[in-house]
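Enquirer: Going line by line, the protein sequences match chains U and V.
Residue 155 in our numbering sits at position 155 of the first sequence; the count goes up by one each step and never skips.
Residue 166 in our numbering sits at position 166 of the second sequence; the count goes up by one each step and never skips.
There is no bait here: all hints are sound.
Only some residues are given here: those of chain U computed to face chain V with a beta carbon under 10 Å:
1. His56
2. Phe73
3. Pro84
4. Ile87
5. Val89
6. Phe123
7. Pro126
Think of the hints as simulated: they come from the structure by calculation, not from any bench.
No residue lacks a Cβ here, since even glycine has one placed at the ideal position from N, Cα and C.
Protein chains: 2
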Amino acid sequence: MPNYMVRISFVGTRYSGWQIQPDVPTVQGELVKAVSTVFGEEVRVTGCCRTDAGVHAKDYVASFRTTRDLAEFKVLRGLNSLLPKDIGVREVRKVDDSFNARYSVKGKLYVYRIWNAESRDPFLYPFSWHVPKSLSREAMEEAVRVLSGKHDFSGFAKLEEEDRETIIDLDISLNFKENLIELSFRATHFLRYMVRRLTGAIVWVGQGRLSATELKDYLSGKNFPFTAPSQGLTLERVFL
Amino acid sequence: MPNYMVRISFVGTRYSGWQIQPDVPTVQGELVKAVSTVFGEEVRVTGCCRTDAGVHAKDYVASFRTTRDLAEFKVLRGLNSLLPKDIGVREVRKVDDSFNARYSVKGKLYVYRIWNAESRDPFLYPFSWHVPKSLSREAMEEAVRVLSGKHDFSGFAKLEEEDRETIIDLDISLNFKENLIELSFRATHFLRYMVRRLTGAIVWVGQGRLSATELKDYLSGKNFPFTAPSQGLTLERVFL
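Only chain U is shown next, with the shape it has when bound in the complex:
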C-alpha cells in the first residue's frame, strides 16, 4: 500500500479547525473528500495536529495510505482542482511505510500576528489580532524572556485526556515591523490554546495589566484566564 505525505496550506477563516466533525466545514473533511475522489476509494487522512477554529496554516503536513498507486504530480493536480480555493496542496510525496503525519513531526513554528495601530488594515485583518492602543515593546520583550525556555506550560493550556508532556522547551521571538508585531513560537509540540494564551499574557504585559514578575505565577500552577483570538494565529512551518 503506497503511503503519501502531503504539505498543504489553508486560510482557516471558514473552517472549524482541522479535525473532521459532522455538519461543519473542516480542513480534514475537505481533504478526505478530495483524496477519496482522486483515488476512487475511501481514504483516511491523518494530520500532524489539531488546529483551533479560525487558525491558518502556511504549512501543514498530513498523510494517508491508499490501495491504488498514482503518480505524485497527478495527485497534486487532482487535489488542487477539487479542493476549495482557501486550501492549497503545495507538495505530494510518496514516503516510506513508517511515516505518519501525527508521529513523524519533529517540531512546529507558530506565528501570532498583532496589528497594533488605531486604524485598521483590511488586508491584514483576517490574519491578525487588532489591538488599537500602543503596546510597550520593552515590557513585551521582558515577558518573552520570562516565558522562553523549558517550563511547565499547563497554566497556559486546556489540558486534554491525551496528556502530552507539559514540560516543553519553548523558543519565543518577537519582531516589530512598523505596526505589525509578530510573535514566533517554536517547540517540539504544543498544548491546546498554549500559543494563544501565551500571546494573551505577553499582550497584557505590554498593556501594563500584568507585570513580567506576575507572569511567573502562571508557570507554577496558576491558570492564565485569557485566550487571544484565533484569527491572529498561523502554523507557519512543520519540521519533519
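Given the coordinates of chain U, work out where chain V should sit on it, guided by the hints.
Expert: Same frame as chain U, now just chain V:
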C-alpha cells in the same frame, strides 16, 4: 463648510466596485453611510476614480464637505468603528476648500499580481490571478518595453462617454519574486479596463500566444480582446 480628505484601503472581493449602485454592496455606498452617521447629516462623498468590481485598494482617496466641524481623529475613529472590516480608514485630514478627490489627484500606481505556479497559494489567491503554466520572463520584459511610454491606449480600453485623453505616458515595471509576478503601472490617469487588458496582453506574450511585435497593432487602432480577472488588481498608491 469644512472639507475633508480621507485615505482608505479596502479588500474589493465583496464589492461591485467603488461607485454607488442600488441593491449591491459598493465601497462608496458603505463610506457614504458611515460618514453620514458620524456627522449626523446626509453627506456626498467624491472618490478619486471608479474601480471595477473585485478590485482592491491599498490606498484610495475620497473627499466630502460637511456642515458640522468635527476633529479629524474623531472622524477617523467613528468611521473605523462603523465600516465593515474589509474597509479601513487610514487617514482623515481637513483640506482647503479647493480640494476635490476627483480632480486633485496627480497620478496613480496600480499593481497587478500573477501567481505563476502549478500549485495554488490560498493566502494570495484572492489578490492574484492564478496562471499555472510557466511564463517566459524574457518575452514579458519585451512586451513591457513595447507598451511603456507615451501611446494611445484606446485599444486596451473600454471608452466611455466622459472621453478622457487616451494618449497617456505610462510607466510599467515587472518584478519576479519567486512564483509571484508583479506588474506595476504608473500614470497620471487610466482608461477603463486598461490595466487589466495590458496585463492580459503581457501574459499572452509570456505564453507565446502573441509576439511583442504583434502587440504594436493594439497601440494603433486594433482592440485587444482579453481582460485579466479583477481580483489580481490593486490600486496601490494615489499621488496628490
